[in-house]
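Chains A and B, in that order, give the protein sequences. The first sequence: position 62 = 62 (the numbering used here), numbered continuously. The second sequence: position 19 = 19 (the numbering used here), numbered continuously.
Honestly, the hints are just simulated from the structure, not real lab data. Certain hints may be false.
Said to hold, decoys possible - Here are the simulated SDA-like pairs of lysine to any residue, each with C-alpha atoms no more than 25 angstroms apart in a straight line: (1) K165/B to L147/A; (2) K310/A to L345/B; (3) K210/B to L345/B; (4) K27/A to G92/A; (5) K81/B to L147/A; (6) K165/B to K34/A; (7) K151/A to D161/B; (8) K349/A to H321/B; (9) K8/B to R247/B; (10) K168/B to K34/A; (11) K101/B to D152/B; (12) K349/A to R316/B; (13) K165/B to K255/A; (14) K35/B to R247/B; (15) K27/A to R160/A; (16) K151/A to D152/B; (17) K113/B to A309/A; (18) K197/B to P141/B; (19) K168/B to R160/A; (20) K290/B to D418/B; (21) K165/B to E149/A; (22) K81/B to E149/A; (23) K8/B to G259/B; (24) K269/B to A424/B; (25) K34/A to E176/A; (26) K255/A to A186/A; (27) K168/B to A182/A; (28) K27/A to E152/A; (29) K255/A to K151/A; (30) K165/B to P307/A; (31) K177/B to Y305/A; (32) K349/A to P141/B; (33) K177/B to N365/A; (34) K177/B to Y77/A; (35) K361/A to K168/B.
Chain by chain, the residues:
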Amino acid sequence: MNTRQTLVERCSALFEDLSFGASRAWKDAQPGRKVVAYMPVYVPRELIHAAGMLPLGILGAGESLEVIHGDAYYQSYICRIPRSTLELGITGRLDFVEGFLFPSICDVIRNLSGIWKLQFPDVYVRYFDVPQNYVDGIGGSYYRRELEELKEGLEHLAGRLITPEALRASITLYNENRRLIAGLYALRTERPWQVPSSELYLVVRAGMVLPVEDHNQLLKDYHAAAVEEELPIRDKSRIVLSGVFCEQPPLSLIKAIEMAGCYIVDDDFMLITRWLLQDVPLDGDPLQNLVDAFLHHSAETSAKYQPEAKLKGQYLVDAVKGTKAEGVIFAAPSFCDPALLERPMLQTKLDATLVPHIGFKYAENSGQMQPVREQAGTFADSIKLWSNP
Amino acid sequence: MTAADIVKEPSMLKQKEMIAHNYDLLTSAEARGQKVASTFVPGNLNELIRCFGLLNNLPEINAIQNGMRQLSGDYILEAEKRGHSEDVCTYVKADLGMMAKGNLAPNGKPLPKPDVLLLSYTGCFTFMKWFELVREQYQCPTIMLQVPYQGDGQITQNMRDYIVKQLKEEVIPTLEKVSGVKFDIDRLREHLAASAKAEDDLVWVLETGKLKPSPIDAYFGGVYYIGPIFTAFRGTQDAIDYYRLLRQEIEARIAAGLGPITPEGTMAKQKYRLVVEGPPNWTSFRELWKMFYDEGAVVVASTYTKVGGTYDLGFRHDPNHPLESLADYCLGCYTNRNLPQRVDLLQKYLTEYEADGLLINSIKSCNSFSAGQLMMMRTLERRTGKPGAFIETDLVDPRYFSAANVKNRLESYFQMIDQKRKVAATTGVHA
């Protein structure tokens with residue numbers, strides 16, 4: 001029986017498995033199967049899937065892997081995700097991966113694409129550039145051609161064409177995936193005690209390594225189990241967690257925030273699963289539909305340029321209002337340019353709307369959670385004591 | 001050494017006058033009714049900006065000026081006091097701190113509020129955030145020109161078309177609106193032709209690093225050589241004149257068999273020929289340079305001098321293809337090239353300039369340059385057999401310059417080169 005506990009245990013095992021056994025098992029199940037890895041923050045997984053390959057999300061190696069080789073590639077003032085990702089590669093943990101996409105998020109991930117080309121010359125490596133111009137005839141035309149080039153590259157790797165029918169089928173599955181995850185996020189917003197963020201994180205994270213078909217079933221099962229089993233309501237403050245879109249904090253950090261008296265009611269973990277904000281239409285040209293969805297219905301984060309000055313940071317204010325949050329916790333990886341450069345602008349926006357906030361930094365291998373617990377606890381208390389009713 | 005003792009050539013004096021005049025123009029722009037565009041160095045569109053009669057204000061150059069004048073440390077602290085992280089780019093913080101403390105130009109007068117922010121972000125993601133931050137302060141029109149990265153090591157037609165479309169449909173119409181001047185493509189062609197003339201002479205100068213002795217230092221001297229063409233002067237007669245004058249000086253040095261000019265005069269002995277990767281440290285620029293020339297180390301080629309254009313690889317602004325040429329210029333800047341391309345370029349320099357080795361000045365602030373440099377060094381050591389070395393400093397944050405550490409590293413490196421030479425002399429095996 002799929003109880004909350006068994007589901008979470010399964011997700012936890014997937015999370016801890018740095019050999020990516022589930023993805024390897026998928027690959028080994030049929031001869032000729034291939035795997036294409038990707039990093040944050042967004043790639044169109046539908047294209048990989050439509051080529052018959054498995055998209056594999058790589059978000060670093062977490063806190064358990066000792067980074068030895070990776071540290072020899074990076075100076076001390078560069079974040080940890082590229083070094084632990086390289087560690088995964090050099091130690092053979094990604095030896096079953098035939099392709100690797102490095103999305104446009106920052107200079108470090110961009111340059112990692114070049115390192116990967118030099119270090120692993122047999123892997124199909126692509127830096128996936130996306131438009132920062134959202135006008136159909138300008139950024140849209142450019143993106144369309146970029147997607148066509150990516151499609152051609154994936155077809156070559158897979159040894160088969162990506163037909164419109166196959167792409168529509170993949171879009172259907174990923175639309176469902178996005179809807180299911182949005183449903184869980186909505187449930188957490190409504191009843192956060194029923195969906196602890198440390199669990200939701202693991203359940204969504206499982207989608208980085210599982211085939212989308214399996215992940216969709218897992219999401220349905222977890223949703224049913226979360227509704228079924230009543231958990232006690234606590235007197236906690238509702239907060240939005242911001243800045244965690246690339247290098248991941250240790251799971252213990254999420255737990256520390258929750259234990260300190262906060263309900264996380266929104267976050268920017270694994271934005272790829274919530275990047276496209278509406279269903280991608282199935283009629284017409286599916287590739288163009290992906291272009292249009294990116295241009296006109298995609299999430300905002302600091303990796304994106306906001307053309308309208310007055311709208312800068314509005315997404316966070318909207319998230320606070322939409323989830324009835326009482327404050328924002330900024331958690332950013334050390335040396336993360338996008339998150340740390342964005343933070344002062346977001347803080348200005350929050351100050352203007354009287355939303356309280358705190359901030360700290362972490363690394364994926366941060367070990368000491370007591371300071372986080374104290375900071376988050378004080379923040380939660382201050383909200384309870386002094387925020388407007 | 002006092003400022004009066006520092007040896008300067010006529011070209012340096014000319015450049016100093018040009019920069020001072022430009023700052024005078026900038027600080028008097030408002031009173032004179034001239035409009036100003038703030039924009040960045042790599043991928044700047046100086047020729048286009050000039051078509052609209054706009055002045056060009058470059059935040060990185062202001063940060064460099066403040067770094068060399070020992071002001072940036074206070075500015076950075078001011079920005080950090082206002083909530084900016086100690087982890088992020090110090091150019092950004094020096095700029096924001098300067099704005100917070102009166103926004104004074106080197107002539108002591110306030111810089112004007114820009115009429116437009118022209119964000120051409122070439123080869124550096126931080127630029128995008130930088131202008132979003134600056135936009136908060138100025139509340140003026142902002143134009144974004146996105147330059148795709150050469151992820152696969154080539155410029156595709158799609159990239160070029162994208163830039164040209166942005167120029168035609170967004171950049172030029174907005175500049176027309178801001179300036180009130182109609183775009184004249186023939187005027188752009190004239191500026192581009194002027195750029196190409198200066199670029200020819202710049203390349204000639206940089207390539208004299210291949211000579212023995214080298215008449216130039218392509219890093220510490222090189223930053224002066226690139227000054228006019230990377231900043232507000234590309235496409236002007238001033239730039240043509242500057243590079244002609246510089247070329248004549250270097251021709252004279254070659255004829256006399258002289259090495260480069262340092263702040264303490266002509267460098268007499270050239271014991272080590274180096275290729276340098278990475279930007280310089282600006283807060284201790286002269287101190288760092290002295291560590292090189294005191295040891296007889298001359299830099300024969302550098303990548304920093306390609307950050308505002310890779311002219312030595314053949315690119316020239318082309319009046320016959322004006323917008324496409326601007327696109328190719330932006331796409332080709334050094335940090336817009338992927339790591340394998342950067343390795344190939346450094347390998348070419350190490351070989352063609354007959355260098356003894358590669359030195360990387362790894363900059364804490366600049367992930368665009370720095371992320372991947374250790375791998376680049378190892379790859380180049382393997383490919384060329386020439387030794388590499390690594391020092392760590394920052395652009396304009398004086399807290400990250402440790403003179404003793406840098407000096408130790410450099411001395412060890414020079415000893416390593418000596419040792420390699422001894423082994424080669426004994427065994428007859430050369431790198």
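Q: Any hints from earlier that this structure breaks? Give me their numbers in increasing order, please.
A: Violated: hints 2, 5, 6, 8, 10, 11, 12, 13, 14, 18, 19, 22, 27, 29, 33, 34 and 35.
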